[in-house]
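Listed below, chain by chain, are the residues.
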Amino acid sequence: MSDNNMALLIRNGHLIDPANNIDQQADIRISDGKITAIETANSISPGSDERVIDATELTVTPGLVDCCARLREPGLENKATIRSETLAATRAGITTLCCPPDTDPVIDEPAVVELIHQKAANSGHSHVVTLGALTAGLRGEHLSEMYALKQAGCVGLSNCRQPVENSLILKRAFAYAATFDIRVFIEPDEHWLSIGGCAHEGKIATRLGLKGIPVSAETIAIARALELVAETGVSTHFGRLSSAQGAAMIERAKNEQLPVTADVSAHQLHLTEQDISSYNSVCHVIPPLRTQRDMEALRNAVANDTIDAICSDHQPHNLDAKQAPFASTEAGVSTLETLLPLCLRLSRQTDLNLGNLIDKVTNSPARILGIDAGTLSLGANADICIFDENEDWQMDAECIHSHGKNTPFYGWNFQGKVKHTIVDGKLLFSD
Amino acid sequence: MVNKATKPTDALIGHDAWNIQLDKNGNLKHFLTTEGLGSNILTQILDTAESFANVNEKRVKKVPLLRGKTIVNLFFEASTRTRTTFELAAKRLSADVLNINISTSATSKGETLLDTLQNIQAMHCDMFVVRHSDSGAAHYIANNVAPNISIINAGDGSHAHPTQAMLDMFTIRRNKGANFGNLRVAIVGDILHSRVARSQIHALNTLNTGDVRVIAPKTLLPVDIESMGVNVFHDLEAGIKDADVVIMLRLQKERMQGALLPSEQEYFKLYGLTEKRLQAAKDDAIVMHPGPINRGVEIDSNVADGPRSVILDQVSYGIAVRMAVMTITLGREPEADIAEAEGEMS
Chain A
0 MSDNNMALLI RNGHLIDPAN NIDQQADIRI SDGKITAIET ANSISPGSDE RVIDATELTV
60 TPGLVDCCAR LREPGLENKA TIRSETLAAT RAGITTLCCP PDTDPVIDEP AVVELIHQKA
120 ANSGHSHVVT LGALTAGLRG EHLSEMYALK QAGCVGLSNC RQPVENSLIL KRAFAYAATF
180 DIRVFIEPDE HWLSIGGCAH EGKIATRLGL KGIPVSAETI AIARALELVA ETGVSTHFGR
240 LSSAQGAAMI ERAKNEQLPV TADVSAHQLH LTEQDISSYN SVCHVIPPLR TQRDMEALRN
300 AVANDTIDAI CSDHQPHNLD AKQAPFASTE AGVSTLETLL PLCLRLSRQT DLNLGNLIDK
360 VTNSPARILG IDAGTLSLGA NADICIFDEN EDWQMDAECI HSHGKNTPFY GWNFQGKVKH
420 TIVDGKLLFS D
Chain B
0 MVNKATKPTD ALIGHDAWNI QLDKNGNLKH FLTTEGLGSN ILTQILDTAE SFANVNEKRV
60 KKVPLLRGKT IVNLFFEAST RTRTTFELAA KRLSADVLNI NISTSATSKG ETLLDTLQNI
120 QAMHCDMFVV RHSDSGAAHY IANNVAPNIS IINAGDGSHA HPTQAMLDMF TIRRNKGANF
180 GNLRVAIVGD ILHSRVARSQ IHALNTLNTG DVRVIAPKTL LPVDIESMGV NVFHDLEAGI
240 KDADVVIMLR LQKERMQGAL LPSEQEYFKL YGLTEKRLQA AKDDAIVMHP GPINRGVEID
300 SNVADGPRSV ILDQVSYGIA VRMAVMTITL GREPEADIAE AEGEMS
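Chains as they are written, first to last, in numbering that gives the first Met the number 0: chain A, 0 to 430; chain B, 0 to 345.
If you are wondering where the hints come from, they were derived from the structure by calculation, not from laboratory data. Treat the numbers as computed from the prediction; the structure is a model and nothing was measured. Please note that a few of the clues may not be correct.
Unchecked claim - In silico contact screen, one side only, chain B against chain A (beta carbon under 8 Å); selected entries:
hint	residue
1	E56
2	V59
3	H138
4	Y139
5	D223
6	I224
Think of the CB as a built atom: it goes at the ideal place given N, C-alpha and C, for glycine as much as any other residue.
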């Protein structure tokens with residue numbers, strides 16, 4: 000047994016495991032990569048070859064599951080690699096990342112899926128799962144070989160923000176995916192309304208002379224998809240909601256018992272259009288940061304479970320990508336390392352229960368992705384995040400281990416820091 | 000009529016962004032936008048321009064104020080008139096002037112904006128006059144040049160064209176006097192794409208203009224334009240009723256694409272300024288246009304060439320106003336710059 004693979008005992012931690020309704024002090028024993036015991040705090044005595052992590056005053060949760068993170072490989076290795084980003088994820092307590100198919104080449108055939116899974120396995124950090132392309136080449140014209148992609152290990156299908164303009168093709172893609180019980184992941188965007196836009200269509204974009212993206216770009220796409228979900232019965236996940244109206248539509252769809260789920264990126268819960276008012280290109284994101292009212296509605300939607308998951312929507316860039324006038328910069332923020340801190344910040348700022356928030360970055364996204372992760376059940380894979388809920392720290396360049404340093408959160412004060420991350424029973428990170 | 004919108008608050012303006020225009024002593028260092036500057040600075044520009052307007056009417060039109068300074072006209076977007084007036088303004092102040100037309104040079108070879116800037120900066124210039132098709136380009140450049148270089152925005156995307164707005168304020172002041180409080184100013188046309196309109200609106204509001212109006216079909220108005228402190232009209236005659244100043248904006252031909260308007264004919268029928276329509280304005284109303292004008296599209300020739308038109312005055316005042324802005328930004332106490340540079344290094 001290698002050092003890494005030795006049995007581990009996490010003693011006296013504050014265990015939060017939403018899947019099992021656990022929120023109490025406990026000991027956890029891990030061996031052979033699995034959780035083998037959960038007992039009352041300080042009741043398990045360590046074995047002779049067992050490594051002990053004293054988790055007194057620390058919080059122990061399932062490893063985070065991030066349902067949308069761009070790793071940039073294959074295709075844009077100058078920005079980041081699977082190795083660099085899975086390492087950053089591990090340090091951030093994220094033990095599983097879901098990579099959307101808009102890589103280059105696109106994930107529309109099994110060989111690309113295998114390449115990514117192989118690279119991730121070789122890197123030996125956090126797990127990577129993939130979404131396959133909904134249409135060949137994401138071109139919105141022909142169906143991808145969905146069944147083959149599922150067989151290769153894709154956990155769902157998506158066309159990312161590439162348009163499927165022809166509604167008949169979209170309907171058939173949904174119907175075909177439904178045939179094989181594959182979930183479709185939608186980033187709602189009516190292309191014609193958002194093309195060329197770089198900011199929320201509103202006061203700030205008007206003042207700055209930036210081309211706006213109206214809320215209707217999101218809501219029209221949601222409305223079209225929902226009609227087709229109702230007709231085809233396909234399970235659908237709406238990712239990166241940005242507007243109050245979008246969240247309200249998802250809430251109605253859930254009330255109508257449609258098979259839909261939704262997520263929001265963590266930064267959408269903390270930033271608004273005001274944050275671009277100095278042409279701050281690091282806040283150039285798509286979908287755009289919207290109004291205070293939208294941000295509050297999204298927070299409410301998280302609280303009332305309209306929104307099931309919070310993701311990083313991690314998009315690492317090299318510096319050049321953000322060095323230009325606002326509209327000419329590339330959209331996206333590097334956010335793996337702020338996913339947990341922003342969730343903790345949210346729980347302090349609102350009356351959102353910490354357990355509920357942890358659910359939205361662990362168990363809930365794992366269920367959406369249909370993967371065996373996100374819980375601390377007996378016998379489950381030992382993917383675990385241990386953090387100090389009270390440690391104060393300030394974000395600076397040294398805090399970012401992702402190759403993408405493009406975070407809007409430099410200088411922010413956070414409370415709560417990852418101390419240990421365990422992946423497959425191996426202690427891969429300790430602070 | 001839509002209710003008078005409230006003037007933008009400091010919180011909305013996002014103050015930090017505009018502070019880069021001022022040095023530590025509160026003097027104008029860059030001129031990027033009319034937004035966020037106090038009426039004292041706008042009035043300083045107008046007063047200084049007044050003294051240069053007289054220079055421009057003399058036989059010898061040159062003053063030695065900026066002798067030894069180097070001013071670079073950095074145009075990433077084609078322009079004849081604006082560039083020419085900047086060039087003339089610099090030359091009348093005895094500065095050395097360099098014209099660089101980037102749209103046909105470096106950036107088309109793959110050089111980034113930052114590389115281009117750093118190369119030109121290495122030539123030890125004192126001021127860049129910048130035009131660029133991206134909104135925010137002037138701010139970006141001001142944030143990325145050496146601290147001793149002043150930036151004047153000669154138009155960035157749909158965002159700002161502050162020297163044009165100031166020459167418009169100068170024209171209004173010359174014709175209507177310094178008290179803007181009783182004036183009704185109507186801006187007509189493509190507000191959506193107009194950097195001129197945005198800069199005019201900020202300047203007019205800072206100078207406490209009584210009633211600032213914009214008039215356009217909904218396709219040519221940006222969302223929430225009321226938040227900039229204007230009253231919105233869709234009917235030309237209602238909008239210019241009893242106006243003291245009518246500012247017509249140029250309608251770009253490409254607006255017919257993308258379904259913003261059905262045709263030039265229909266636009267002229269509804270929003271073109273004719274003698275007859277102009278009767279709705281006050282008898283002594285002046286008609287302005289930032290140029291170049293599209294006769295028969297937004298304005299009838301009878302009006303453009305008529306007695307109430309001050310369009311050509313605007314062009315000549317443009318030189319005086321640009322001389323004023325150059326003198327104010329370059330003529331600051333040099334100690335301020337040096338202190339600032341040392342402050343940043345420490």
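Interface hint compliance - I224 of chain B to chain A, C-beta minimum distance less than 8 Å: Hint holds; I224 of chain B Cβ to chain A Cβ min 6 Å, cut 8 Å.
Residue hint H138 of chain B, partner chain A, criterion CB-CB below 8 Å: 5 Å, holds
Evaluation of the interface hint that places E56 of chain B against chain A, nearest CB under 8 Å: Violated, about 35 Å.
Proposed interface contact between D223 of chain B and chain A, which counts if any beta carbon pair is under 8 Å: With a closest approach of 4 Å, the D223 of chain B hint holds.
Hint check, V59 of chain B versus chain A [nearest Cβ-Cβ separation less than 8 Å]: This hint is violated: V59 of chain B lies away from chain A, its Cβ roughly 40 Å from the closest one there, beyond 8 Å.
Interface restraint verdict for Y139 of chain B against chain A (beta-carbon cut-off 8 Å): Since chain A brings a Cβ to about 5 Å from Y139 of chain B, closer than 8 Å, the hint holds.
In summary, the numbered hints that this structure violates are 1 and 2.
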